[in-house]
Each structure stands twice: as C-alpha cells, then as structure tokens.
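Trainee: Here's the letter readout for the chains.
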Amino acid sequence: MQKKYKILIIDDSEEILNTYKKFFTKKNYSVATASNGLDGLKILQTEPSDFDLIITDIVMPNISGVGIISIVKKKFPEILIIAITGWGEHPEMLASEAAADLVLEKPIDLMELDKRIIDLIQSKTN
Amino acid sequence: MQNGPPIIGVSPAIVRVSDLINHVADTGLNIVISGETGVGKEVIAQNLYQKSPRKGKPFVKVNCAALPEGLLESELYGYERGAFTGAEQKKRGKFELANGGVLFLDEIGDMPILLQSKLLHVLQSGEFAPLGSEKEFKTDTWLIAATNHNLEDEIKKQKFREDLYYRLNIIKIYIPPLRERTEDIPHLINYYSQLYTSQFNNRSILQPSSRILQKLSEYYWPGNVRELQNVLKRVLVLGSWDDIIDGFDYGYGSSNDVRQKSEQVQTQIPSSNNSIFKNGQAPDLESFSLKEIKKNALDKVEKEAISYILEKTGWNRSRASKILKISYKTLLYKISELGILPPTT
Chain A
3 MQKKYKILII DDSEEILNTY KKFFTKKNYS VATASNGLDG LKILQTEPSD
53 FDLIITDIVM PNISGVGIIS IVKKKFPEIL IIAITGWGEH PEMLASEAAA
103 DLVLEKPIDL MELDKRIIDL IQSKTN
Chain B
243 MQNGPPIIGV SPAIVRVSDL INHVADTGLN IVISGETGVG KEVIAQNLYQ
293 KSPRKGKPFV KVNCAALPEG LLESELYGYE RGAFTGAEQK KRGKFELANG
343 GVLFLDEIGD MPILLQSKLL HVLQSGEFAP LGSEKEFKTD TWLIAATNHN
393 LEDEIKKQKF REDLYYRLNI IKIYIPPLRE RTEDIPHLIN YYSQLYTSQF
443 NNRSILQPSS RILQKLSEYY WPGNVRELQN VLKRVLVLGS WDDIIDGFDY
493 GYGSSNDVRQ KSEQVQTQIP SSNNSIFKNG QAPDLESFSL KEIKKNALDK
543 VEKEAISYIL EKTGWNRSRA SKILKISYKT LLYKISELGI LPPTT
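Going down the list, the sequences are from chains A and B.
Residue numbers in the first sequence follow the working numbering, run continuously in steps of one, and reach 128 at the last position.
Residue numbers in the second sequence follow the working numbering, run continuously in steps of one, and reach 587 at the last position.
Only chain A is shown next, with the shape it has when bound in the complex (with noise of 0.2 angstroms):
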C-alpha cells in the first residue's frame, strides 16, 4: 500500500480548500489547510517535518504564494510546492523565480493534479 502523503493547501477561497480538501482526504491524504499565507507559514512552523508537500494559490492576502513559496525553498527546502495560479494572472514567472516545482494554471483537472503530486513526490524519493 502507498504510504500516506501529508500535503498543506493553502488558498484563499472557502470554496476551493473545502474542494481539495475533501478529494484528497478520500485519495488517502493527510490534509491540512489554511486560507492565507501567514496561516500556511504558521501551520509549516508548528510542524515543519511532517509535510511532503504544499499546494498553494499565488495571489492571496498577507503573505501571496510567490512569498509562501520563497519562505518555504529557503526554510523548508525538503518541502515540494506546486503553485496554482489564477486564469489570466500573470505572476507565472515569478512562481518560477521563486522556485516552485510545479506551476499549474486553473481551471485544475483533480485526477490530473493527483497523478501530478504523486509523480513529483516519487520521483524526489528515488
């Protein structure tokens, strides 16, 4: 059996964690969210070795996700990200600055996001 991943989803609509959240918890993730940067950060600061990896949007308030995403490569570097950005937003580029692993732009096919993180996180592992 496929050990249990721990991801972190971090996104400013209700609509969207409570989506993700419960998709992944069905696919046997373990899944912690928070609807803003600085409650991301904070959750990663309380219990910063237990994830494999983070989803976040990028245009969020306090801290957006080209921030949560520079904090976490430079704090957390053994933690995978993949940012989420907005259709017709143009911080792309910057979420690559920052370094992310992934960028995806919405509308975001689930199944495909699935087979994505498992992708990324196995192919980290070996």
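Hints are computed from structural coordinates only; laboratory data are not their basis.
Since this is a predicted model, take the numbers as computed values, not measurements.
Glycine is no exception: its CB is placed at the ideal position from the N, C-alpha and C atoms.
Nothing false has been slipped in among the hints.
Pairs of lysine-lysine, PhoX-like flavour, derived with a Cα cap of 25 angstroms:
| hint | chain 1 | residue 1 | chain 2 | residue 2 |
| --- | --- | --- | --- | --- |
| 1 | B | Lys-567 | B | Lys-554 |
| 2 | B | Lys-299 | A | Lys-76 |
| 3 | B | Lys-399 | B | Lys-564 |
| 4 | B | Lys-380 | B | Lys-333 |
| 5 | B | Lys-380 | B | Lys-297 |
| 6 | A | Lys-8 | A | Lys-29 |
| 7 | A | Lys-108 | A | Lys-29 |
| 8 | B | Lys-398 | A | Lys-108 |
| 9 | A | Lys-6 | A | Lys-77 |
| 10 | B | Lys-299 | A | Lys-77 |
| 11 | B | Lys-297 | A | Lys-77 |
| 12 | A | Lys-108 | A | Lys-8 |
| 13 | B | Lys-398 | B | Lys-564 |
| 14 | B | Lys-293 | B | Lys-303 |
| 15 | A | Lys-5 | A | Lys-117 |
| 16 | B | Lys-380 | A | Lys-76 |
| 17 | B | Lys-545 | B | Lys-567 |
| 18 | B | Lys-571 | B | Lys-542 |
| 19 | B | Lys-571 | B | Lys-398 |
| 20 | A | Lys-44 | A | Lys-77 |
| 21 | A | Lys-44 | B | Lys-293 |
| 22 | B | Lys-293 | A | Lys-76 |
| 23 | B | Lys-297 | A | Lys-76 |
| 24 | A | Lys-75 | B | Lys-297 |
| 25 | B | Lys-333 | B | Lys-360 |
| 26 | A | Lys-117 | A | Lys-23 |
| 27 | B | Lys-564 | B | Lys-545 |
| 28 | A | Lys-77 | B | Lys-293 |
| 29 | A | Lys-24 | A | Lys-44 |
| 30 | A | Lys-6 | A | Lys-117 |
| 31 | B | Lys-332 | B | Lys-377 |
| 32 | A | Lys-75 | B | Lys-293 |
| 33 | A | Lys-23 | A | Lys-44 |
| 34 | B | Lys-380 | A | Lys-75 |
| 35 | B | Lys-537 | B | Lys-571 |
| 36 | B | Lys-564 | B | Lys-542 |
To list a few chain A residues with every Cβ distance to chain B over 10 angstroms, as calculated:
| hint | residue |
| --- | --- |
| 37 | Lys-5 |
| 38 | Lys-6 |
| 39 | Tyr-7 |
| 40 | Ser-15 |
With the hints as your guide, set chain B onto chain A.
Mentor: Frame of chain A; chain B shown alone:
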C-alpha cells in the same frame, strides 16, 4: 529616524499586523504596505527593518509623490558627472545608498509610469544604471513600498503596471483606518501622552474621561493616528479636551446631534434667497464683509460638488480626489472643513 515607534494597539487587525511582521521581517521579500494617510505605514516599515537582519544598515526613504519625474529618477538612481547640463558632480542614487539595507518607497502609487518600468527592470535584474552611466551596478536592497492608493484600481486605469504590482506585492500589509479599530485609541493616547510629556517639559496630558473617549471613538479620524497625535499635542498645550473635541466633532462624528446640526444647515441654505449670508439672514451693516460672503458662497458650491462626486464614487476618496483634481489630503481637509458626512448605512 532610525528608531521608529513601536506598533501600538490591541485590535485584532493590529495584533495580526504585528504577527505578520514577525513572520516576514527576516525574508527580505518585497513588501507593499497600504492604508489611508496617517495610519503609520512608515512605522510598519521601520519595525520590519528593526526586526530584520538588515538592522544597522541604511534605511533610506524616498517619497515618490514629492518629486517631479526627472528629479525622482536621478534621486533613485543617481547620475554620472556630465550626464546632463548642470550635472557637474557625480551623484549617488538612493538605490546605491540603500545597498545592504532598506529602500522605503513611500507613495509608490504616484510613481510616473516610465519610472515604474525602470523600477521593474531593477527588481528583475537586481541591477541599476545611474543616468549617463554605461555600467550597471548590482544592488542588494530590501524594497518596502507604501501607498494610500488602491493599486488594483490604478492598474485598471492603466496608471500602475500590473507586472510591477505583482513583483512588489510578494507580501501585503494592510493597516485599517483608526475609526475601524477604536479600541486602539486609549492605548495610542497612553503611549503618546507619555512620549510628549517627556518631550514637553514634563507637562502631562489630562487623561480623557469615558465621555471624551466615547466621543473620540465616534469621530471619523480622516488623518488617522497622525491626527490623533496632533490632537494630543493640542490637548497638552490647551490643557483641556473639551475645546478640541468641540472643534473637530461636527460634520464628521456619527452622534445624532451632530448629524441633526448638519441637516439643519443643509435645509436652511436652499430655502433662503440670501443663502450666501451666514444662517440665511442678511447681516447688519457693521459686520458686512464681502470676503465672508465670498467664502460662504464658495463653501456652498464646493460642498455641493464634493458631496456629488463622493456619492458618485461611493465615498472612494482616492478616486474622488482624482476626479476633483485636488490632492487626497486637500479632499480630506475639505470633507472635514465643510462638514460633509459619509452615508449612514
């Protein structure tokens, strides 16, 4: 101003801002601090700097609204000797002076669009070139910007570059206006009372009664904490709260008597043919003054125009000031002076 004042307040919003500062001060990521005039954006920038590893290095401030385009450019990037007529000496720009430390760009929303492009280039490449120089220099500055504009609106009006917006807004710190966090007022009064007491020959400020505190928390505070500081200084000099509160309360406060007073004025003026005279009554010849009549007439017209635009913009004062082609500060002053009230919702 190397040692900024601490962040004072107990409101959830201010506690949250302090928390955010503690989490991002060591990151060196670009930050935009937003909020109305006088809320203390520079205090936030100073706090970020004090808590960062860059403390002790330069903290350089540039007000982007205070200088015309050409001057702002040479102020930021400097110039080589002979770069233009009159450039007899080489001048170091603020980017160079802030190297290793913090560059605080106040009023970033007022930066001309051409300079925004140049700033974007510097942020992307980490390099800048003084005017007239063929060489680019590496810069290691932590950029903290502040604005009282809504930059998203400015982008829609094509006055602010979207790509620069995203590059600056890695971290956003919003400070709400004082009227939305009135629980902070007693704490601010305490702090500044002590500070001013020691500055002004130990004269002490009368502690406000609960009635006064109530009035203070009903006031609109268009100038926010800076206005409160000025009020405290006046209390210190006059030794009484009452006179000062009577001075500012009308036209802004939300208490009923104030609103009634202003409604009276509004209904009085149009009903009288001699509306340009004070109180709608012809003055006796002793106190007849053309100057005063002119001022009354002007006030009336201005009040009407400003109220109209404020209503049209949904009380977006930043937009209203643009439409009226007066500065934001002037608008706030006029709103207060003419007793224009925000809609009651």
